[in-house]
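Asker: These protein sequences, in sequence, are chains S and V.
Mapping of the first sequence onto the numbering used here: residues 45 to 338, in sequence order.
Mapping of the second sequence onto the numbering used here: residues 637 to 1000, in sequence order.
Derived by calculation from the structure, the hints in this document are not laboratory data.
Yeah, the Cβ is synthetic: ideal placement off N, Cα and C, and Gly gets one too.
Treat the hints with care, since some could be wrong.
Here are the in silico distance ranges between beta carbons for each label pair [said to hold, decoys possible]:
id, chain 1, residue 1, chain 2, residue 2, range
1, S, Ala145, V, Gly665, 51 to 57 Å
2, V, Gln874, S, Leu168, 46 to 52 Å
3, S, Leu150, V, Arg743, 30 to 36 Å
4, S, Phe170, V, Asp845, 46 to 52 Å
5, V, Asp845, S, Pro251, 35 to 41 Å
6, V, Asp845, S, Arg254, 40 to 46 Å
7, S, Ile318, V, Arg743, 57 to 63 Å
8, S, Leu168, V, Arg923, 30 to 36 Å
9, S, Val205, V, Gly719, 39 to 45 Å
Far from chain V, some chain S residues (derived; all Cβ distances over 12 Å) [said to hold, decoys possible]:
id, residue
10, Leu71
11, Tyr90
12, Gln118
13, Phe125
14, Gly128
15, Ser174
16, Ile185
17, Pro227
18, Val228
19, Ser233
20, Leu235
21, Val236
22, Asn237
23, Val248
24, Leu250
25, Arg324
From chain V, some residues computed to sit far from chain S (all C-beta separations above 10 Å) [to be verified]:
id, residue
26, Leu688
27, Val713
28, Gly714
29, Pro724
30, Gln725
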Amino acid sequence: MNSAGSVSPTPPGPAMQRPVTRSRTSLWASILGVAIGLVFFLFPIYWMLVTSVKPPSEWLTNPPVFIPDRLYLQNYTDALFNWGGLKGLEDSGIVAVSATAIGMVLGTLAAYALARFRVGGTNLSFFILSLLFMPPVAIGIPMFLFWSALGLVDTYIALVVQYLTFTLPFVVWVMKGFFEDLPVDREESALVNGASRLRAFWDVVLPNARPALVATGLLAFIFNWNEFSIAVLLSRGRVTTLPFILPTMMESHYVLWGDIAAMAAVGALPVVIIAFLLQRYLVRGLSFGAIRSE
Amino acid sequence: MSRVTLKHLSRSFGPVVAVRDLSLEIPDGTLLCLLGPSGSGKTTTLRLIAGLERPDGGEVWLDDDEITGLEPRDRHVGVMFQGYALYPQMSVLDNIAYPLKVRGTPRGERDIRVAEVARLLEIDGLLGRGVQQISGGQQQRVALARAIVQRPRLFLLDEPISNLDAVLRSTMRAEIRRLQKMLGATTVVVSHDQLDALAMADLIAIMKDGVVQQLGTPDEVYDRPSNTFVARFIGEPQMNLLPATIERSDGQLGVRALGHRLAVTEAVSGPLSAATRPDVTVGVRPRAVRIHRSAGEGRVVAAVYLAAPEGSRVIYQFQIEGERLTVESEPELRLNEGEEVHLELRPETLHFFAPGSDGGARIA
Chain S
45 MNSAGSVSPT PPGPAMQRPV TRSRTSLWAS ILGVAIGLVF FLFPIYWMLV
95 TSVKPPSEWL TNPPVFIPDR LYLQNYTDAL FNWGGLKGLE DSGIVAVSAT
145 AIGMVLGTLA AYALARFRVG GTNLSFFILS LLFMPPVAIG IPMFLFWSAL
195 GLVDTYIALV VQYLTFTLPF VVWVMKGFFE DLPVDREESA LVNGASRLRA
245 FWDVVLPNAR PALVATGLLA FIFNWNEFSI AVLLSRGRVT TLPFILPTMM
295 ESHYVLWGDI AAMAAVGALP VVIIAFLLQR YLVRGLSFGA IRSE
Chain V
637 MSRVTLKHLS RSFGPVVAVR DLSLEIPDGT LLCLLGPSGS GKTTTLRLIA
687 GLERPDGGEV WLDDDEITGL EPRDRHVGVM FQGYALYPQM SVLDNIAYPL
737 KVRGTPRGER DIRVAEVARL LEIDGLLGRG VQQISGGQQQ RVALARAIVQ
787 RPRLFLLDEP ISNLDAVLRS TMRAEIRRLQ KMLGATTVVV SHDQLDALAM
837 ADLIAIMKDG VVQQLGTPDE VYDRPSNTFV ARFIGEPQMN LLPATIERSD
887 GQLGVRALGH RLAVTEAVSG PLSAATRPDV TVGVRPRAVR IHRSAGEGRV
937 VAAVYLAAPE GSRVIYQFQI EGERLTVESE PELRLNEGEE VHLELRPETL
987 HFFAPGSDGG ARIA
């Protein structure tokens, strides 16, 4: 062992220099590549933001106005107050937050049970996954008939429950994989140290699951926040989420691009803010394959 | 503390039988080592005692209480897991205090007791640290402290030594032994390393395929192994096992092995003459064979096949009549490979087992 340790490792010189010598060209090439990528992906967002602060005269001009001279904020007041954007924010918020919160609580517990106790054998967990394969349109008509028979079309509860049919399987599936990778001995140690199953879950499992919970929760929230097809089927004008409002703005003979852009910006903002606040968890949570037991 | 009694325990995982009709009594205050190769069912036995595994059949008793159906938390056993199973998000202090906190011990008492065990295990300087900032040896002490702090009725240690490096191992063996005697705690240690068992245990249960092969003190299992499996598992280098036949000449009983007639003691000639078959397995420990330069009565002539000096001893391999014989000797005796010597297999050092490739029972 000692002799192996004393064998001198490969000299660090050439290995360290290699990236330096080829840096000039390859560095600029990769910067250029990244820049093109960024323009490609960010331009639509930029265009949305710019359009949202342009006066109507600049919306569709040729050549286009890339940098407006002044901020025209009337689009935002129109979107929020004339088009019901404020109500849309409120409804989207209520529906998405409720569906995500309920989905996370129930889904995480279900995932833990499936991961640890083989509940329902091998078929139950695959059944749950299979729910995610189902296209929403396939259940559109029966779903509508179901809710109208209950007299609950156009209510929060209908949307929240309906969103859970997708949110729950998603949360269960992702968190189940995470729990299966988590070492069992910490939980067992908590059990022999006096904890109940639920207490062990709370004390030992959840703190280690935080990054995964945040990442999963955020993805579920984005899905619920953006959901369109179910919202269109179940809304009649009382519960109006933002994705439901947006297409209604195109029905007039003259499309109000500035108002639409402002509405879209308002819709995108909460997700951007949340993702920004949670980014330190996201990096760890989205790479849960890399979880190690030490 | 407590006496543990296992009655006819069994547990299978699908087609694999992990523990088979296991009965065992661990007297109060003893340290029992469950020793065996991997897959022998020793960890499953430990988990059955802890309640982390439910038996398919059989009972677990702690003193006069049957605890077979009890939840792990109601058994009041302290478990140290192989990977320590420390809680990474908690400090050393919170890890050790966890069993007390869960059981609702008031804060003041908690702090006193944590400080007490931390001092005992010499980790009182680490209490504020995170468990991932301390060394492997320190983590092990934290895990031990967490098992001790709740004053359990029983300690269960799963491979407590195996994650440590060679230097720490012997220290930790002594440490665990010292703690166990000081606390007077009935303890079950799972290990695959016979040195752990011989150095720490009052009693050793050697397991194979879910069955206890022998239960005895370290001296008993070393001096009188109950079958060839135990004979080979305990002792290093392994005991030599040689095929032999019982023979009688001039009314004297003896065995023929390695092409020579070996004399047997008075004590074993009874059981040997009662054997139904003439073939038998003779066991002799490498240390028990004496090497002579001169010929003598009953000595086996052999040339050194391999010589492996190990500092404090030399391990010689001899090849005699197609059989390999390992002999351990003092370092002063320096034999060269190919050199011819005379080996003395003294009658009182021979073990006799029923013939067969594996697990032949002791005859004498």
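Asker: What hint numbers does the structure not satisfy?
Answerer: 4, 7, 8, 17, 18, 19, 20, 21, 22, 23, 24, 26, 27, 28, 29, 30
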